[in-house]
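Just need the whole structure built from these sequences, with the hints factored in.
So for the sequence shown, the UniProt record's numbering puts the first residue at 1; every next one is plus one.
Calculated from the structure, these hints are not laboratory results. Being a predicted model, the structure only gives us computed values, none of them experimental. Yeah, the Cβ is synthetic: ideal placement off N, Cα and C, and Gly gets one too. One or more of the hints may lead you astray.
Stated by the list, open to error - Straight line, CA to CA, 27 Å or less: simulated DSS-like cross-link-like pairs of lysine-lysine:
#	residue 1	residue 2
1	LYS212	LYS248
2	LYS326	LYS293
3	LYS136	LYS92
4	LYS92	LYS60
5	LYS293	LYS47
As the list claims (entries may be wrong) - Distance windows between CB atoms, simulated:
#	residue 1	residue 2	range
6	PRO239	PRO327	31 to 39 Å
7	GLU247	SER180	38 to 46 Å
8	THR236	VAL123	32 to 40 Å
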Amino acid sequence: MIIQAFGQRAFANEYVLHLAPARRHGLVASLTNNSLNVVPFDPMELKTSTDTRVINDAHKGSITGLKTIDEDNVISCGDDGVKLWDLRTNCKNPAQTFVPDSGSPLCCLDVQGSKLVAGTQLVGVDAGVVFWDMRKGNKQSMAYVDSHSDDVTEVQFHPNDPFGLLSGSTDGLINIYNTSIEDEDDAVYNAINNNASIHRAGFVQSKDGVNKIFALSHMETFSVYHIANPDDESETPAPVEFGDIREKWGCQYVADVLNGYIAVGSNNDASAFNLLPYDNDTLVDTANPISLKGAHGEEVVRCVHMDNQYQCIYTGGEDGIVKVWKPESSIDIPTVTPSEAADGEWETTQKKKDKKDKKDKKDKKKDKKQKEKKKEKRYAPY
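Here it is as structure tokens:
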């Protein structure tokens with residue numbers, strides 16, 4: 001299926017970094033000038049209206065994350081913490097601000113109900129996963145600071161389990177936590193070494209009902225892992241490793257992994273951007289893509305949002321443009337549905353590993369990473 005752009009909104013001399021819908025108000029876009037911009041969510045309004053609501057200087061530095069809370073509120077993060085924006089107000093100031101006790105700059109965030117989590121940059125030897133309960137003000141409620149040894153680039157709450165959390169880092173590790181446990185050594189349910197810096201990672205709802213995660217590296221390698229149960233002595237299935245997907249999927253980069261699709265692009269003469277149907281497991285259908293014709297020209301597409309209500313696709317790119325794409329026929333946009341995984345699994349699992357042994361291993365890993373940093377140049381994501 002080939003789709004033509006239906007409408008667009010341009011922001012001169014800036015990149016569009018993130019998109020997040022707030023349905024009663026519009027589509028929120030973060031830009032490289034540290035602003036948040038609310039444009040019409042309705043495709044026809046976006047095409048015909050020039051209305052844009054601007055929140056200037058939303059953060060003192062780069063905006064590194066943007067998420068939807070509900071129809072009225074979005075939340076963003078950057079060097080100066082996390083800020084909640086209530087779009088029913090004039091937004092001269094955020095409704096709430098959350099700063100980690102360490103004061104570390106933030107790389108990413110996620111929100112689930114009143115629960116907020118953010119991943120920090122590496123400062124000294126610490127890179128943390130920090131938590132807040134937004135009902136209880138802006139005081140940090142918990143932090144895990146020993147499980148990663150470099151920038152935490154991804155955090156994601158499990159869509160169904162109230163205590164499940166994933167974190168990924170440029171140290172190549174993906175950790176799964178039981179967040180009902182405050183002690184970090186006991187909270188780590190599963191640790192996976194991806195052997196490559198994490199750009200994106202997340203839980204996937206596989207058809208067999210098994211908890212799995214995907215990992216996309218900054219080197220454009222893609223893998224799918226089973227989440228091992230430390231109390232289950234049976235062997236965990238081997239990961240599905242796609243390797244470098246650029247040639248296999250006919251692209252130069254992966255913009256995002258969505259529910260049911262993988263968004264891939266090429267910023268060469270082809271100016272291609274495709275949504276490859278993905279079964280949330282091991283099958284990626286490169287033969288039947290949804291193709292956004294012309295995409296954002298030779299510029300990289302930074303963000304994608306698919307909307308079932310309007311049957312539209314929204315994209316933001318390094319050309320400073322937000323585009324809406326409306327197909328002539330309906331498209332299948334899967335929605336997240338409850339998993340059949342056992343409820344409460346995170347709470348009932350008892351750790352078999354000796355606590356001191358786990359701590360010793362983490363200390364050795366951290367020492368090794370610090371030595372390697374002196375010899376290796378860190379990869380800078382696009």
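Tested hints:
1. LYS212 to LYS248: Between LYS212 and LYS248 the Cα gap is close to 22 Å, so the pair holds against 27 Å.
2. LYS326 to LYS293: Within the cut-off at roughly 12 Å; holds.
3. LYS136 to LYS92: holds (23 Å)
4. LYS92 to LYS60: Answer holds: LYS92 to LYS60 is near 14 Å, not above 27 Å.
5. LYS293 to LYS47: holds (17 Å)
6. PRO239 to PRO327: 31 to 39 Å: Since the Cβ atoms of PRO239 and PRO327 sit about 34 Å apart, the hinted range of 31 to 39 Å holds.
7. GLU247 to SER180: 38 to 46 Å: At 43 Å between Cβs, range holds.
8. THR236 to VAL123: 32 to 40 Å: holds (34 Å)
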